[in-house]
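My request is simple: use the sequences and hints to build the entire structure.
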Amino acid sequence: MNTNECIANVLHNGHLSLPPTIVSRLNLKVNSKIRIIIFDDIEKRGLNRFCGQWQDERNAEDIVSEILKERQKNNRSETQTL
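Offset between the sequence shown (1-based) and my numbering: plus 756.
FYI, nobody ran anything at the bench for these hints, they're computed from the structure.
Misleading hints may appear alongside valid ones.
Stated by the list, open to error - Derived Cβ-Cβ restraints for the label pairs, each shown as a range:
(1) Q828 <-> K785: 30 to 36 Å
(2) Q828 <-> P775: 43 to 49 Å
(3) L772 <-> E826: 39 to 45 Å
(4) A816 <-> G770: 26 to 32 Å
Every residue, glycine too, gets a C-beta built ideally from N, C-alpha and C.
Laid out in structure tokens, this is it:
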């Protein structure tokens with residue numbers, strides 16, 4: 757997958773205007789399908805007091821793996837004899 761990052765302008769009709777460098781780099785033509793991920797500037801809107809922001813530099817896979825390892829350490833099993 758080819759990835760590129762840019763700042764796009766939202767037009768009055770809701771469409772995104774991509775910079776010409778991105779269009780040429782991705783060899784985009786009319787009606788080309790691309791996948792986009794949209795990040796909103798939460799701090800600018802003042803929503804960060806309501807939302808948590810991740811401060812960790814690790815990737816998601818490493819974080820989840822560590823959480824699962826910690827959970828396994830806490831597993832208990834109990835046996836009962838009758």
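Taking the hints in turn, this is what the structure says about them:
In this structure the supplied range 30 to 36 Å is violated for Q828 paired with K785, their Cβ-Cβ distance being about 50 Å. The supplied range of 43 to 49 Å is met by Q828 and P775, whose beta-carbon atoms lie about 47 Å from each other. The supplied range of 39 to 45 Å is met by L772 and E826, whose beta-carbon atoms lie about 41 Å from each other. For the hinted restraint 26 to 32 Å between A816 and G770, the CB-CB distance of approximately 29 Å keeps it satisfied.
Hint compliance for this structure: hint 1 is the single one not met.
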